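Peer 1: Residue numbers (our numbering), protein chains in the order written: chain A, 1 to 148; chain B, 1001 to 1524.
Since the hints were derived computationally from the structure, they do not count as laboratory data. Honestly, I wouldn't trust all of these hints.
[What the hints assert, rightly or not] Computed cross-link-like contacts, BS3-like style, restricted to lysine-lysine with a CA-CA straight-line distance of at most 25 Å:
| id | chain 1 | residue 1 | chain 2 | residue 2 |
| --- | --- | --- | --- | --- |
| 1 | A | Lys90 | A | Lys131 |
| 2 | B | Lys1347 | B | Lys1099 |
| 3 | B | Lys1119 | B | Lys1099 |
| 4 | B | Lys1366 | A | Lys66 |
| 5 | B | Lys1415 | A | Lys90 |
| 6 | B | Lys1078 | B | Lys1099 |
| 7 | B | Lys1356 | B | Lys1306 |
| 8 | B | Lys1452 | B | Lys1296 |
| 9 | B | Lys1023 | A | Lys66 |
| 10 | B | Lys1010 | B | Lys1521 |
| 11 | A | Lys90 | B | Lys1306 |
| 12 | B | Lys1099 | B | Lys1496 |
| 13 | A | Lys66 | A | Lys131 |
| 14 | A | Lys66 | B | Lys1144 |
| 15 | B | Lys1306 | B | Lys1415 |
| 16 | B | Lys1347 | B | Lys1306 |
| 17 | B | Lys1296 | B | Lys1356 |
| 18 | B | Lys1312 | A | Lys90 |
| 19 | B | Lys1356 | A | Lys92 |
| 20 | B | Lys1356 | B | Lys1312 |
| 21 | B | Lys1078 | B | Lys1119 |
| 22 | B | Lys1078 | B | Lys1496 |
| 23 | B | Lys1415 | B | Lys1347 |
| 24 | B | Lys1140 | A | Lys66 |
| 25 | B | Lys1099 | B | Lys1356 |
| 26 | B | Lys1078 | B | Lys1517 |
| 27 | A | Lys59 | B | Lys1140 |
It should be emphasised that the depicted structure is a prediction, and the values quoted were computed from it without experimental measurement.
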Amino acid sequence: MKARLMKEILIGRRTLACRLVSAMLALGIVGAGGTVNAADAAAAATPAKVTLSPETLAKGSELFVKNCIMCHDRGMEHPGTAALTYLYGKDKGALEDRDNLTPDFVRFFVRHGRGLMPGFRTGELNDAELKVLAEYLSAGPHPAVPAK
Amino acid sequence: MDAVLPPGIKREQFASLVADLQKVVGREFVFTDTQWELPAYNDAYLTTPAELHQPSAAVAPANVEELQRVLEVARHYKAPLWTTSTGKNFAYGGPAPRKAGYIVLDLKRMNRILEVNEKHGYAVVEPGVSYMDLYRHLQKIGSKLWVDCAAPGWGGVLPNMTEHGVGYTPYGDHVTMQCGMEVMLADGTLVQTGMGALPGSQTSHLYKYGFGPSMDGLFTQSNFGVVTKVGMWLMPEPPGYRPYMITFEKESDLHAITEVLRPLKVNMLIPAVAMTVEMLWEAAVQVTRRDYYTGKGPIPDSVRKKMRSDLKIGAWNFYGALYGPPPMMDNTWEVIRDAFASIPGAKFYFDEDRAKDDVAWQYRKKLGAGIPNMTEYNVMNWIPNGAHIDFSPISPVTGVDATKQYELIRDRCNKAGFDYCGEFAVGWRDMHHIFCLTFDRNDAKEKARANKLFGDLVDAAAAAGYGEYRTHLDFMDRIAGTYNWNDSALLRMHEKVKDAVDPSGILSPGKMGIWPKSMRKGRA
Ligand SMILES: Cc1cc2nc3c(=O)[nH]c(=O)nc-3n(C[C@H](O)[C@H](O)[C@H](O)COP(=O)(O)OP(=O)(O)OC[C@H]3O[C@@H](n4cnc5c(N)ncnc54)[C@H](O)[C@@H]3O)c2cc1C
Chain A
1 MKARLMKEIL
11 IGRRTLACRL
21 VSAMLALGIV
31 GAGGTVNAAD
41 AAAAATPAKV
51 TLSPETLAKG
61 SELFVKNCIM
71 CHDRGMEHPG
81 TAALTYLYGK
91 DKGALEDRDN
101 LTPDFVRFFV
111 RHGRGLMPGF
121 RTGELNDAEL
131 KVLAEYLSAG
141 PHPAVPAK
Chain B
1001 MDAVLPPGIK
1011 REQFASLVAD
1021 LQKVVGREFV
1031 FTDTQWELPA
1041 YNDAYLTTPA
1051 ELHQPSAAVA
1061 PANVEELQRV
1071 LEVARHYKAP
1081 LWTTSTGKNF
1091 AYGGPAPRKA
1101 GYIVLDLKRM
1111 NRILEVNEKH
1121 GYAVVEPGVS
1131 YMDLYRHLQK
1141 IGSKLWVDCA
1151 APGWGGVLPN
1161 MTEHGVGYTP
1171 YGDHVTMQCG
1181 MEVMLADGTL
1191 VQTGMGALPG
1201 SQTSHLYKYG
1211 FGPSMDGLFT
1221 QSNFGVVTKV
1231 GMWLMPEPPG
1241 YRPYMITFEK
1251 ESDLHAITEV
1261 LRPLKVNMLI
1271 PAVAMTVEML
1281 WEAAVQVTRR
1291 DYYTGKGPIP
1301 DSVRKKMRSD
1311 LKIGAWNFYG
1321 ALYGPPPMMD
1331 NTWEVIRDAF
1341 ASIPGAKFYF
1351 DEDRAKDDVA
1361 WQYRKKLGAG
1371 IPNMTEYNVM
1381 NWIPNGAHID
1391 FSPISPVTGV
1401 DATKQYELIR
1411 DRCNKAGFDY
1421 CGEFAVGWRD
1431 MHHIFCLTFD
1441 RNDAKEKARA
1451 NKLFGDLVDA
1461 AAAAGYGEYR
1471 THLDFMDRIA
1481 GTYNWNDSAL
1491 LRMHEKVKDA
1501 VDPSGILSPG
1511 KMGIWPKSMR
1521 KGRA
């Protein structure tokens, strides 16, 4: 039960079919150096969707543009989007198009990284900022940002 | 992961050290949590166990005053710090310290763009300013100055320069374009080098050499101080920019390409760093290995051929760009085209000849105009959980050297079961050969093999008279050891300077193989 819940939260129901990631999770090989296991992230998960204030959305979008968009913008020239497309399939690669991200899932990956994505240091993206960013992504999908 | 302590410091001492750091920067900017805070201060692309580079803490001062007090605390406890700025030194160690237990000195919060001088073409930045930050700022203020960025746009203007990093516009040799530096010594003294030492100087960022010995070089790739500010010359947007690509059919064309290229570079017809890129690099940024081959070991030639025709790339792919007024570009192009046309099978491409979704072309086109992006990280998508370290020896710009280097690396690489993925970057008179050694970061055996291969390459290159321009944390001592002429006179001089400017040995011990006296075990 716990393992199933963990998978659903970490991978998102719609992409559960992705065997590669499931296998990685089962083997406990997510995260830089494997210092926090996936269950820790899942234990604190809050999957319920909340409606965010316009200020939080704007701040979240700004943080996404500053820290993430260079790898996660739409288009295969962005390594994050390319990697997630290889994992989940065509048109499923861009984070802002996702409707199945949760704050704890995002927080886990931002602090620990996975594959070629290194974790983000608290010194560059603090916990308060990460909270807003994670809420923003969990409130997706978001329409394309025009200028970057 | 268990908590570690700084070398030579006991648990109680560490607690009071952390408390003292908190007094300086505030509680929220000292990081000690091993679950959530410290993992990102390690290197995501290690070939060695993560324990070897796990920091005990990280501290992030907001300004030079706080930095000064952080150094005071470190001196008091004789605690080793490891300086990082934007902290994206991936392929060479990321933000991770040389040894476990160091405290990472994270300067990312010092991220002000202090000046943009449109008239004279320069910017003055603090350590935490990324290429992306500077680019966006210039766009915002409507500046007509270009950034020159390394391939990863999240890297830092200041720390990439101090690492002798390279970009892809005519201003790509970053150390050459640096003018004016502020540096804090281990004792807390703030120094302005060059013209900046004159109070009220008007030329701190216009004339590099100042009066007396030029000190700036002492603080690049070094642990003699903490650089807190630099001036960087920025290129004014040229009246025209026309990037081009030339593909070559045969692996053995590398010799001829390099011979044709040398006079073009020396005579400055190709103003930016000239890139000869091997086909696998081109492929890796846009397709994956399993798209083409699921067997073990290096990709066979028949498959490589198929990739070349699918992606419209050559065995070698040359990237350059014309800059200037159109008539000048037209004239220069004739010379370049005629020179390369002497190589049978050469094909020439401009922007209109490459597809809009040609990932490799599009990012090179951006880099040539200093538009920061992250596309090159795609090379690691070649395999699942890909990570890489760079092996980067320097050689003369000759066909013989290029081929010798290529074969030296390719053969050892294939023997060790890895794909060769590399490029040659020609600067003023030198050639950087960048070999991107990609491995699965979740496969301990493969990592150990990559580590062994890298060490063998260091030795083989040194035996052939080639030295590296930069390296990963794990190979700093080994490579410093190859620069050993006259009984390691250079290293011994570095150590003398280190002991003089940082007697407590607090700044990045072991950086580039330079250790303070207290940590030079087994060496005089
Ligand atoms: C796919 C890929 C492509 C790459 N392409 C390029 C490229 O085109 N060109 C290139 O140059 N590199 C390249 N790199 C290497 C590297 O990622 C970049 O050089 C990057 O800019 C370095 O990280 P940074 O700028 O964030 O520096 P940081 O990580 O902040 O610092 C790097 C090092 O500089 C020293 N340092 C930092 N701050 C200071 C300071 N204030 N005072 C004194 N010393 C300091 C420290 O020893 C530190 O470890 C590439 C890497 C990858 C993975």
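Peer 1: All the hints need checking, so say for each whether the structure fits it.
Peer 2: Each hint, compared with the structure:
no.	hint	result
1	A:Lys90 x A:Lys131	violated, 29 Å
2	B:Lys1347 x B:Lys1099	violated, 49 Å
3	B:Lys1119 x B:Lys1099	violated, 45 Å
4	B:Lys1366 x A:Lys66	holds, 19 Å
5	B:Lys1415 x A:Lys90	violated, 35 Å
6	B:Lys1078 x B:Lys1099	holds, 15 Å
7	B:Lys1356 x B:Lys1306	holds, 21 Å
8	B:Lys1452 x B:Lys1296	holds, 19 Å
9	B:Lys1023 x A:Lys66	violated, 30 Å
10	B:Lys1010 x B:Lys1521	holds, 20 Å
11	A:Lys90 x B:Lys1306	holds, 23 Å
12	B:Lys1099 x B:Lys1496	holds, 22 Å
13	A:Lys66 x A:Lys131	holds, 15 Å
14	A:Lys66 x B:Lys1144	holds, 22 Å
15	B:Lys1306 x B:Lys1415	holds, 23 Å
16	B:Lys1347 x B:Lys1306	holds, 18 Å
17	B:Lys1296 x B:Lys1356	violated, 33 Å
18	B:Lys1312 x A:Lys90	holds, 23 Å
19	B:Lys1356 x A:Lys92	holds, 21 Å
20	B:Lys1356 x B:Lys1312	holds, 13 Å
21	B:Lys1078 x B:Lys1119	violated, 46 Å
22	B:Lys1078 x B:Lys1496	holds, 19 Å
23	B:Lys1415 x B:Lys1347	violated, 32 Å
24	B:Lys1140 x A:Lys66	holds, 14 Å
25	B:Lys1099 x B:Lys1356	violated, 45 Å
26	B:Lys1078 x B:Lys1517	holds, 12 Å
27	A:Lys59 x B:Lys1140	holds, 18 Å
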